[in-house]
Amino acid sequence: MQDIPRMLGRLATGLALGIALTAAAMGVAQAEVVLRRGNGAEPATLDTHKSTGVPESYIQMDLFEGLLASDPEAKPIPGAAESWTISDDGTVYTFKLRSDAKWSDGSPVTAEDFVFSWRRLADPATASQYAFFIWPVKNGEAITKGEMPPDALAVEAVDQKTLKVTLRAPTPYFLSAQLHHALFPVSKANVEKFGADYLKPGNLVSNGAYTLAEHVPQSHVKLVKNPAYYGAKDVKVDTVYFYVTEDIDAELKRFRAGDLDATYEMPPQQIPWAKANMADSFRAPAYLGSYYYAFNLTHEPWKSNAKLRKAVSLAVDREILVEKITQAGELPAYGFVPPGIVNYQSATLDYAGMPQKDRDALAKKLFAEAGYGPGKPLDLEIFYNTNDRHKKIAIAVGGMLKQKLGINTTLTNQEWKVYLDARNQKTYKDVIRVGWIGDYNDPNTFLELLRGDIGPQNPAAYDNPRYNELLSKAGRTADLQERGRIMTEAEALMLEDHPIIPLYYYTRPLMVASYVKGWQDNILNYHPTRFITVQK
Amino acid sequence: MPTDLSATHPNQPVPPIAPLPAPPRPVRGRSLWADAWRRLLRNRAAVAGATILVLMALACVAGPMLIPYALDDIFWDAIQAPPSLEAGHPFGTDANGRDLLVRTLHGGRVSLMVGLVATLVSLVIGVSYGAIAGYAGGRVDSVMMRVVDILYSLPFMFFVILLMVFFGRNILLIFVAIGAVEWLDMARIVRGQTLSIKRKEFIEAARAGGVHGFAIVRRHVIPNALGPVVVYMTLTVPKVILLESFLSFLGLGVQEPMTSWGVLISEGAANMEAAWWMLVFPAGFLAVALFSLNFIGDGVRDALDPRDR
Amino acid sequence: MLSYAVRRLLGAIPTLLVILTIAFFMIRLAPGGPFDDERTLPAEIEANMKAAYNLDQPLPVQYLRYLGGVLRGDFGPSFKYRDFTVNQLIWGGFPVSLRIGGIAIALAAVVGTTLGALAALRQNSGLDHGVMALAMTGITIPNFVVAPLLTLVLGVHLGLLPVGGYGDGSWRNLLLPVVALALPQIAYIARLTRASMIETLRSNFVRTARAKGLPEGTMLRRHALKGALLPVVSYLGPATAGIITGSVVIEQIFGIPGIGRYFVQGALNRDYTLVMGVVVFYGALIILFNLLVDLLYGALDPRVRYD
Chain A
1 MQDIPRMLGR LATGLALGIA LTAAAMGVAQ AEVVLRRGNG AEPATLDTHK STGVPESYIQ
61 MDLFEGLLAS DPEAKPIPGA AESWTISDDG TVYTFKLRSD AKWSDGSPVT AEDFVFSWRR
121 LADPATASQY AFFIWPVKNG EAITKGEMPP DALAVEAVDQ KTLKVTLRAP TPYFLSAQLH
181 HALFPVSKAN VEKFGADYLK PGNLVSNGAY TLAEHVPQSH VKLVKNPAYY GAKDVKVDTV
241 YFYVTEDIDA ELKRFRAGDL DATYEMPPQQ IPWAKANMAD SFRAPAYLGS YYYAFNLTHE
301 PWKSNAKLRK AVSLAVDREI LVEKITQAGE LPAYGFVPPG IVNYQSATLD YAGMPQKDRD
361 ALAKKLFAEA GYGPGKPLDL EIFYNTNDRH KKIAIAVGGM LKQKLGINTT LTNQEWKVYL
421 DARNQKTYKD VIRVGWIGDY NDPNTFLELL RGDIGPQNPA AYDNPRYNEL LSKAGRTADL
481 QERGRIMTEA EALMLEDHPI IPLYYYTRPL MVASYVKGWQ DNILNYHPTR FITVQK
Chain B
537 MPTDLSATHP NQPVPPIAPL PAPPRPVRGR SLWADAWRRL LRNRAAVAGA TILVLMALAC
597 VAGPMLIPYA LDDIFWDAIQ APPSLEAGHP FGTDANGRDL LVRTLHGGRV SLMVGLVATL
657 VSLVIGVSYG AIAGYAGGRV DSVMMRVVDI LYSLPFMFFV ILLMVFFGRN ILLIFVAIGA
717 VEWLDMARIV RGQTLSIKRK EFIEAARAGG VHGFAIVRRH VIPNALGPVV VYMTLTVPKV
777 ILLESFLSFL GLGVQEPMTS WGVLISEGAA NMEAAWWMLV FPAGFLAVAL FSLNFIGDGV
837 RDALDPRDR
Chain C
846 MLSYAVRRLL GAIPTLLVIL TIAFFMIRLA PGGPFDDERT LPAEIEANMK AAYNLDQPLP
906 VQYLRYLGGV LRGDFGPSFK YRDFTVNQLI WGGFPVSLRI GGIAIALAAV VGTTLGALAA
966 LRQNSGLDHG VMALAMTGIT IPNFVVAPLL TLVLGVHLGL LPVGGYGDGS WRNLLLPVVA
1026 LALPQIAYIA RLTRASMIET LRSNFVRTAR AKGLPEGTML RRHALKGALL PVVSYLGPAT
1086 AGIITGSVVI EQIFGIPGIG RYFVQGALNR DYTLVMGVVV FYGALIILFN LLVDLLYGAL
1146 DPRVRYD
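Residue numbers (our numbering), protein chains in the order written: chain A, 1 to 536; chain B, 537 to 845; chain C, 846 to 1152.
Quick caveat, the hints were computed from the structure, so don't treat them as lab data. All of these numbers come straight from a predicted model, not from anything done at the bench. Certain hints may be false.
Straight-line alpha carbon distances no greater than 30 Å define the calculated DSSO-like cross-link-like pairs of lysine-lysine that follow [as the list claims (entries may be wrong)]:
{"#": "1", "chain 1": "A", "residue 1": "K303", "chain 2": "A", "residue 2": "K364"}
{"#": "2", "chain 1": "A", "residue 1": "K426", "chain 2": "C", "residue 2": "K1057"}
{"#": "3", "chain 1": "C", "residue 1": "K895", "chain 2": "A", "residue 2": "K193"}
Please construct the entire structure, taking both the sequences and the accompanying hints into account.
Following this line, the structure appears as structure tokens:
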């Protein structure tokens, strides 16, 4: 309670800023353009170095700008850096910052800010969950592990506007990783001035197209246009609201009532309805995600019985699953890495070209060869976390396995943390539902999940030394084409072992009002507000 | 010491002459319960309610055997299909193409059982606990009620999660989990009634007559507190049935493909515009069951009230 | 009575301590921790996280540290909502929950007892049956059906009221959540009132009062209603504590920034400090309202003594 005077102080600053901004806005004769976005869960934190969630990242994308930024199609374009050079061995990056890049308080964005921010990300004292984003930089990993001091990070401010970064190995995705919030800059002066309170509205200065005006927990985050942003004259939307919309049914209703201009997602059971009744607003672009079931390879019958795994995999009719159950235009999956990744050709299961009728026949044959059949039925438990979509899919897959192979399927759902515990400890019985959304546009964000040495993250406990070796080899390969080929080989090798049943590649069903212009569908679902206009 | 106090109904103030004389004749009057039962049978609304409830329970138990589909049969060509007799789905199908009639009947088995058993558990614990606390008074009451406060405040979700972690999934745990929270309100209500009842003349009389404390609670206090108890019980049943669907969310309740009315209704609520039948049929069954129960409850209450004779 | 109240308030301290202690150890037994997520963390990073929140220390040390914080009025930082302390979250959301819940429970108490009493006075009349049928309907339809139905009809289709959001807390934003919260409570209270009112109307003291020729209205106000309210008051104590601390269903459906969802979200996220904060806060309210109930007993029924 002794905080009250300080809070009042901050409120006063906030009000003053608000009035100043309002006055500035009123100076322009035009009416205020407002965009109201549904944004899912309450942001856990707006701190770019500490947050891990998608809702946070959408807000941070408007507040901050990394060295590179996302264009309307989520392709990297110059951001705070106007140009860069890469050394021939691919390990030294030299970024030239824009001369007109400014923080919202008018001070320049400097190379020193980046040095400070990246050290902060690596620093164990920050306790960042995404600290590994800095590990490609030399000494980054050692710093997070507490073996080196933060200032040992191989990032150097050559002059006020030149940043030199030395990597420990060539990292082809280092440039596209700059779109990730973990590598965004924060203002050194600002963080040092306010400490932990630098994120409060009124305190926070940002270098993106917007600044933070309000943060009401469980209600909304309000951003207003940043007049100091170098591209401010092209920014059409004056005010963005990111509403907390934890209940997706309620979110859709708010959209329909005209209280939201875009939603965060769609209730799966409303998709057919939306397609029929609100076709001009409904969108379901491809999304960089893979939905699959993993076998528990730590014990029999799954551990050493690839035939059985293949039989089960064959019997799942993906076409029916996406057409009748998920219904959001998902692509049936016969591989692990979703299509649409640059320099990568996804591998597919050998039976992908076979009609389902033949797959079913082959499934029955393999199932019998594996020693199962009417005389010796198989019990199989599908384990998933509580969620409407996962439930619908599990029911459908369970039905197919029962119908085609006579497998006695049981379904078990658990809340999220219990589910994670079972996945990490491999205490689920047979099959677990897994989904993965890529962190960056690279096959590695998927393929590394099934490495034998990645730890509990590997949902199947799959461990094939050759697969591990191929991925390591790809990591050492600087040539992007060659690297892609090696990874495709690894993916194909893994698919033949059937540690997982790929089900579908994600789409991102959501609603965007037809008067919202400039919202371009893309695989990462990045939609920086600065490219959006509202034309009612 | 009186040998049969039930001959004089507890609600009729015993004349303040103590100790009571032994009944002059060894004729046993009709007992409270037999009397109440007779009166209950004369209450038409209660009998109708009971009949409907029994029929409904029978339909839920036997019905699924008469329908040619199992509760997990999927009709791939009838995903979320509206009710149609020609198609063979009089209640329509759910989002996975499963017949809703079979599922509603199956759901009824779980919900009716949970509703009755968990309510009885909460009734037995709540009434005895509340009556003892209220009657004993003083420090005992104070401590017992603080225990209730504590149990009220503990995070229910963790209680459920821990039950599951330590004992695995088990239908009995549903009753334990629900019974464990629902008796708290009951105990408070009964205690409140007891505080007032125990100052009444007939209790004083019985005490002066040397009747043991527990016997007083059992024979005089509880029967006199039954009115609000029966009503509160009819309020507990719907609570319990809906709470079960929350347990399913946490993984403790029934699991797919099994279902319950609570689960069906929450699925239907999320889909009420596109597939009204998914909400209307299970909710209708639940409503009819609860209304019937309510009539029975009112009937029981009236039957237990001697002044209605 | 004052000394009784003071004694009870002092007695609340050990009760709260027991609540705090059991809850503290109970929530640590549940599988999963606050930092578990889809992506498992490298061991070193997880160690850093735990160190930052003192989770690397032995449990008894954490407990004492936490207890020390609570005694100073500090519930610690939220593990999930890292920009806020638990105090900020609770004091930010509680006024909203209190406002909506307070209006709802007051509305429910007034409407519920009135309807219940009227039904009891005209027992078995059309009015009685009508009120009780309405009450039963209110109890039968859960709020996760009522709330979306209200928003769908009044918000989406008729466009009369906002579908969600708290805005500046105007009546337009409050109306639907208050109604959805109050409906089942009205139903409960009406039924409880009716039952005990019928009971009271038949009791000797009411008969005596009637025999004395006391006007019906006076008799009702002075005697019958008072006695009839006992079970309602028993119910209202914990119900009020529950409702003014928010409802997760109502808050999520209407997008209300209250504290109700912290009970569920906090538990699902294993946000230990946030859960502890709301549990202790709720425990204190439960104790407070149950004390008020016990004091009201004395006011309503002179036979009840404080001993």
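Hints and how they fare:
1. Of the pairs offered as hints, the one joining K303(A) and K364(A) holds, with about 20 Å between alpha carbons and a cut-off of 30 Å not exceeded.
2. Proposed proximity of K426(A) and K1057(C) is contradicted: the alpha carbons are some 78 Å apart, above 30 Å.
3. The hinted pair formed by K895(C) and K193(A) meets the criterion: a straight-line CA distance of about 26 Å does not exceed 30 Å.
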